[in-house]
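**Q** Make the complex out of the two chains shown on their own, each in a separate frame, by following the hints.
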Amino acid sequence: MGRKPLGEEEVEHTAVITDPMGSAVGSGRSTSRPHYLELVEGPGAPRYYELRRPAAVVGRSEQSDIQVDSEGLSRKHLLVTRNGGEFVVEDMDSRNGVFLNGVKIHSATLRDMDTLQLGPVVFVYHEGD
Amino acid sequence: MSLLVKFWGTRGSVPTPGRRTQRYGGNTSCVEIRAGDTLIICDGGTGLRELGVDLARREPRPRRLHMFFSHPHWDHIQGFPFFGPAYDPGTTLFVYGAARDWRIHELLSGQMVSHYFPVSFRDLGARIIAGEFHEGRLAVDSVNVTTFEQHHPGVSLGYVFEHEGVRVAYCTDSELDAQLPDSHLAEHEPHALRPAPEAVVAWIRGVDLLIADGQWTDEEYPKRVGWGHPRASTVVDLAVRAGVKQLGIFHHDPHHADTDVDALVESCRQRARAHGSSLEIFGAREGMAVKVG
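From first to last, the protein sequence lines stand for chains Z and A.
Heads up, the first sequence is in our numbering, so the first residue is 1 and it goes up one at a time.
Heads up, the second sequence is in our numbering, so the first residue is 130 and it goes up one at a time.
Next comes chain A alone, as it looks inside the complex (with noise of 0.2 Å):
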């Protein structure tokens, strides 16, 4: 059995429409994952309204919907407010966080009060309910998922899942390079394999494929460092040492045309091979869908 991975926004940090990033798209992050049928969204951004549509048009239409937010921030929860199925009172919506945190609710409820949008949280026609990992596990349906923190302000999450031995690995916003344990060596031997912490290694270990924010270049990264977001060759590496069988670079930066992307993406395939790896590494482009395992 596969999963089906489908790409609804890839861009981070802000909506970046217009012709230069039409081929990846300008849609910030939601990713959908089904198995059989049980369909999980990872992320709320503004891609998730055109998975909203998508999913009225599908027969028979999917009522269950679980939600897998990485973290608050605007790029990853702006499309809820336009996201269609959440006024059908026919869904129920499930969203997941750590046990008793009402984090994501209080702010994807947040957002929808007078000053920032007509309609309210109360209002909304799908049941929507709350459900809860417990020591970083839980299970939906026959798939089973994992989530662990990243280093990003405010923290983010990244999450696992697996479903008959097949596993996806969703870990965007995820500064990996402030968690090296030799920080330097990436400025001093850009072309080294870079050590990997080691508690991220162990999440993703021989995932089938890995979704990663691979937002900046080695020349971009010194400027802005802190911001939560790793230099693409890391998370190479990562991928490398973790055994990954492929990688999906995701979370384009808003100021990266198509062609930069391609040619980030290429950098990213030479290193892998540069270190010896068949890993398989592509552009997360919205609008398309793989199947894994």
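In isolation and in its complexed conformation, chain Z is listed as follows (with noise of 0.2 Å):
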């Protein structure tokens, strides 16, 4: 499946998260980069979700930010929190762990180009302006 850059193009394959202001994400009007996760591996893929809230969780469950439906994955599996500028994941206990470029990780703090996998799932970081 052929990975796209994120742009105005691909705003309807973008899950949009919004932020507490409810500042519109992914429309293009913007002219900063954003940052975002790019689903590259597991159901969906390829999708995109840009990090505009303080935190979200990556999970199974429906009340995830970031939902997946894959079994691999745990119902609450990883938080991704915004800390200044940057962004750091951290595993919620989950039952396959979190892997940062193929190392087992509690937590870190994510730089452009990082791959996350949570089981079968795969996603790409990609940093914003």
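Worth flagging that the hints you see were computed from the coordinates, not collected in a lab.
This structure is a prediction, so every number in the text was calculated from the model and none was measured.
Among the clues, some could well be false.
[Said to hold, decoys possible] FRET-style restraints, in silico, Cβ to Cβ:
(1) A392/A <-> A45/Z: 25 to 35 Å
(2) H263/A <-> A45/Z: 54 to 64 Å
(3) E327/A <-> S61/Z: 24 to 34 Å
(4) D252/A <-> D69/Z: 56 to 66 Å
(5) Y245/A <-> D69/Z: 54 to 64 Å
(6) S61/Z <-> M130/A: 25 to 35 Å
Quick reminder that beta carbons are idealized off the backbone N, C-alpha and C, glycines included.
**A** Structure, rendered in structure tokens:
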């Protein structure tokens, strides 16, 4: 499956997470490049999830901010929090763990093009401006 | 019960900020080890400042901090004057060294005189208490700590922290290659498993995680003999011989960009595999935490 960069033409494929202020995200009105997770492996891939909230949960549960319907994912698998201009990920005691670029971690600060593997589900982090 | 190990500074020698070192980080040596409520800090390089900021945000805020220094070279103490909890009267800092050995205290305080820094060591708000090893051993709450000398200009100390059977070794600034029983083997048969110093193998045998100085490639080392750091490949061989489960390559060379560290770590993995070992290897990265055990 081909991977396309996030842009205006991909908006309908982008799972939009609005921030608490409710600003439009992924509408193409912003000139700065957003921070986002790209789902590259797993149900629904490819798909883009913009990171605008101070915190977001990735998991199988419908209550998750980023829901991926995969048996290999825990209901609440990964917590993504914003720390200044950076994003930190933390394993929420998941069954299959979190692997950053192939290394099992408890938590980490994300950098551009980092790969996160949650069971059979894989994301790539893209750092914004 | 597991140990949580978090890397706050992984760079060797000198802070190296910038885009080329963004992923592994530019701050110098500082590692946090948590065993339940017990908080241990290995070295006070510039990563210590960020740890101090983070500690101030935690609820409840940790008030008893146990500091272990490998040695007092700049890249291992330079963060101390900028460590917020040291200014907090509610904090107790335990600083450990050999019995009646005040060098770490003197050298920490020595960098806080007016020519170097505007705040005097005696004006720090925290209670600073010297703790002592006896015959290389001590206990911090339920964590058993052993220490041993390593080959480095002026000597450095390695540490093993054990908590309920889980063991983490912190062994930075150690020129293993200078201690090899056959120093020529690495040059004449670079792919052969190198014999490791038996004493070092004994200290770290079977640890769950070895955090080790792996500053140089095989090509770089011959020009830096005596500088106090090893070939990363020699560290891999030590870990294989000692039956270590996981190896974190640490103290990255300031000349090494992220891509250089990636290549060095990958070469270490290939070497371990070539030796038939299942040793897991990663490059220690600023901001990363791993659970051990």
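**Q** Taking the earlier hints as the rules, which of them does this structure contradict?
**A** 3
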